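I would like the entire structure built from these sequences, with the hints used as guidance.
Protein chains: 2
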Amino acid sequence: MRLSRYFLPVLKETPSEAQIVSHRYMLRAGMIKQASAGIYSWLPLGFKVLRKIENIVHEEQARAGHIAIQMPTMQSADLWRESGRYDAYGQEMLRMKDRHDRDMLFTPTAEELVTDIFRSHVGSYKDLPLTLYQIQWKFRDEIRPRFGVMRGREFYMKDGYNFDLTKEDALHAYNRHLVSYLRTYERMGLQAIPMRADSGPIGGDNTHEFLVLADTGESEVFYDAQITDLTFGSREIDYDSHAECQAVLEEFTSRYARTDETHDEALFNEVPEERRRTARGIEVGQIFYFGTKYSEAMGATVADSDGNRVPVHMGSHGIGVSRLVGAIIEASHDDKGIIWPEGVTPFHCGIVNLKQGDEEADGACEALYASLTALGLEPLYDDRNERAGAKFAGMDLIGLPWRITVGPRGLKNGVVELTSRRTGTSEELPPEQAIERIAQIYGRAAV
Amino acid sequence: MRLSRYFLPVLKETPSEAQIVSHRYMLRAGMIKQASAGIYSWLPLGFKVLRKIENIVHEEQARAGHIAIQMPTMQSADLWRESGRYDAYGQEMLRMKDRHDRDMLFTPTAEELVTDIFRSHVGSYKDLPLTLYQIQWKFRDEIRPRFGVMRGREFYMKDGYNFDLTKEDALHAYNRHLVSYLRTYERMGLQAIPMRADSGPIGGDNTHEFLVLADTGESEVFYDAQITDLTFGSREIDYDSHAECQAVLEEFTSRYARTDETHDEALFNEVPEERRRTARGIEVGQIFYFGTKYSEAMGATVADSDGNRVPVHMGSHGIGVSRLVGAIIEASHDDKGIIWPEGVTPFHCGIVNLKQGDEEADGACEALYASLTALGLEPLYDDRNERAGAKFAGMDLIGLPWRITVGPRGLKNGVVELTSRRTGTSEELPPEQAIERIAQIYGRAAV
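Line order of the protein sequences matches chains U and R. Position one of the first sequence corresponds to residue 1 (our numbering), numbered consecutively onward. Position one of the second sequence corresponds to residue 1 (our numbering), numbered consecutively onward.
No wet-lab data here; the hints were simulated from the structure. All of these numbers come straight from a predicted model, not from anything done at the bench. A couple of the hints might just be wrong.
Since the list gives no way to pick out one identical chain from another, each pair is judged satisfied if it fits inside one copy or across any two copies.
[What the hints assert, rightly or not] Below, in silico cross-link-like pairs of lysine-lysine (DSS-like), each with a Cα-Cα straight-line distance of 27 Å or less:
id: 1; residue 1: LYS355; residue 2: LYS126
id: 2; residue 1: LYS126; residue 2: LYS293
id: 3; residue 1: LYS138; residue 2: LYS12
id: 4; residue 1: LYS336; residue 2: LYS412
id: 5; residue 1: LYS97; residue 2: LYS355
id: 6; residue 1: LYS126; residue 2: LYS12
id: 7; residue 1: LYS33; residue 2: LYS293
id: 8; residue 1: LYS336; residue 2: LYS355
id: 9; residue 1: LYS126; residue 2: LYS33
id: 10; residue 1: LYS412; residue 2: LYS12
id: 11; residue 1: LYS97; residue 2: LYS138
id: 12; residue 1: LYS138; residue 2: LYS52
Structure representation (structure tokens):
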């Protein structure tokens, strides 16, 4: 993309309403614009990141064998009366009447609707296990929305639902989600720690939240320092193997890690003192096993191998897709702006032309642009007639992990400059080597 | 995908509520399930098609230089009061109050919000031309929703908005959209004819609807038969060239083609009688130029080169993404089921194992599955223990354009059967040649 043809409305001033860094940078970098309280429009740069995160979630869900569907945002109140949650949900549920005076709502979650889909179409244990998920806009009418997309009212969320014959199978689905979420977050450059959590209005005993450590987190967290040494890495997991998934769960949840909601001081004190940590965390996902709560209430049964109808065991599992955009920024920024992890960066690298209009500089930039594009990469080329300082400041603010700087002086020596946003270190090298390096970083075969 | 691990709830009976073929087949093929009146859940097969269509739209919008954003579904009533449409819109607009008693609505279209984004961030003619678009769920509270996703209440739509300094530039944006839509529909295997239309509540003089001819179309259409001979084909268009886009517009709109709303009997009679056609059509898109209607009402101005503030010229342009799923089926089916065009098929080909459990047949199917997957293609492998007739009927119903049938008898002679869903013709050939043919059809390099 050429910046002269893009829509990147960067702000010079920090908007006064933004209290946390992700909100400030998302507004300043032209990623979002508030439409009304807690409701945002995603401008081009923000939408690109949102879509990258969405795609990673889809890919990792597919890898785990989960199947994508899409449920509507508007639901009839009827199903929610069947489960008993229509009255229980309170004012966070946005309710309305349609033109025929029927009670409708903007779905905050979809246990009822997916259970209805299941009971309408699945009748035998032979069709299990089954996990359906969607990525869809949700609405929760927060009384005091704040922190930008971190606690908005309309938000984009992955919500998945497993249906299993037995508790054991459903707990495997739970573990499978835990494994898949670890992979998902790591691909986004995040360390998200599973912590024992409180089940809230979804119900159920087994639940973990995934928390990203950040000073601005809304939860106080308590954990054993050993836990931050764990990484999922590139290990290959057979998602069908109960044992392999169970082993990952044990590895990542056996050490103490809890939020203030479930914190147990006595247990925490059993952790050696030098490893006890208190910090703040941002919740970016949660998994639940809640057994037959909804299947019994709504008659979602299957015939088992003896022909008896039994209610299925279920769980639900969420990833806050739009919230992750904020969480990643909270975890990865400096005082100049955002620092995108390579996995979610809106553009793979920036190209800064130090002397727009100079024939040689323009030509070198165009050649870099063409070569990177041919590799299937998306560069953002700042081709505006601006001074270098403004171009650098803009690139630092929007946080592309790599920048290639092209100027007449370097070109005389046959080199351009490759700069890492994270470390700030620069290196002069011939353009074709810069391309090779970028290709390598993103795992593309050089052409 | 292996069918044994998929969720494809095919119905044997035709649901009685479905009056048109696309609705019937979408229900029977397990693509959608009604959640409430005019509101559908997209089951896995339906969601895959929806997503393919969405991706084609994104790709073609990017090619035309249009920039993707995402606006919220819930909007405050305030902006709509500013444009004067809040009261004008009537009962089709779904309205509600949030917990703080503020008037909200589920957006049926987004001229107001996008104009607000524009006026907040753009101030100079130098930032023009600019076209922003989104693909987002919309809601129109149809009094009598019917025909499945063709006239639902919650629907998925691409809506794009151009901002230009002059009428001439805005008309170029109009033409550019027309060109881009022609390409978009053709990639989906559709012939969509631009017809002069009525502007309705959006306002404006210049507007064309794109109609797909189909017996079940809601509009009566009148056209010169020559128009159906036109194809956009693989021509390369410079979307920046006013002349090139204008030429396409003239080519595709100079012959008589109108819906009943704008039909002019006298003009129609000037078409030679043997070329006069009356038919029915499904609207799958519409483009508008409406000038300064919203920019004046909402103060969306830029400084021109003399420093004077002038209201921008705008247009809006829509593609009915979820409706297209139905329209494609209306245009492409037979009495056995759907026939997907290659561009939007949910899976690239089916693999039918005639003797599940037979070592050789299973092995050959697995090898085909692995080879096709390695090419980046998605086969659907019917690995269930079902009789051949049921497998064929299922494949015919869901409409994958190509099927590879594998059985012990063929394998003895070293062949499998490759069948075209559209023509019904089959050919016996060695497995590796079948793969090569499929790869060729989808433009993949053989491995």
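Taking the hints in turn, this is what the structure says about them:
1. For the identical chains of this complex, LYS355 and LYS126 are inter-copy neighbours only, at 19 Å across copies versus 67 Å inside a copy, given an alpha-carbon limit of 27 Å.
2. Proximity of LYS126 and LYS293 under a CA criterion of 27 Å is satisfied intra-copy only: 22 Å inside one chain copy versus 59 Å between copies.
3. Proximity of LYS138 to LYS12 under the C-alpha cut-off of 27 Å is found in neither arrangement, the shortest distances being 32 Å within a copy and 34 Å between copies.
4. Proximity of LYS336 to LYS412 under the C-alpha cut-off of 27 Å is found in neither arrangement, the shortest distances being 30 Å within a copy and 68 Å between copies.
5. For a Cα distance limit of 27 Å, the shortest separation of LYS97 from LYS355 qualifies neither inside one copy, at 59 Å, nor across copies, at 54 Å.
6. Taking CA atoms no more than 27 Å apart as the test, LYS126 paired with LYS12 passes between copies only; the shortest distance there is 19 Å, against 60 Å inside one copy.
7. For a Cα distance limit of 27 Å, the shortest separation of LYS33 from LYS293 across copies, 23 Å, qualifies, whereas the shortest one inside one copy, 40 Å, does not.
8. Proximity of LYS336 to LYS355 under the C-alpha cut-off of 27 Å is restricted to the intra-copy arrangement: shortest distance 23 Å within a copy versus 64 Å between copies.
9. Taking the shortest alpha-carbon separations for LYS126 and LYS33, only the inter-copy value of 22 Å comes in at or below 27 Å, while the best intra-copy value is 48 Å.
10. Taking identical chains as interchangeable, the C-alpha atoms of LYS412 and LYS12 are never at most 27 Å apart, the minima being 34 Å within one chain and 73 Å between chains.
11. For the identical chains of this complex, LYS97 and LYS138 are neighbours both inside a copy (18 Å) and across copies (17 Å), given an alpha-carbon limit of 27 Å.
12. For the homomeric pair LYS138 and LYS52, the shortest alpha-carbon distances inside one copy (19 Å) and between copies (23 Å) are both at most 27 Å.
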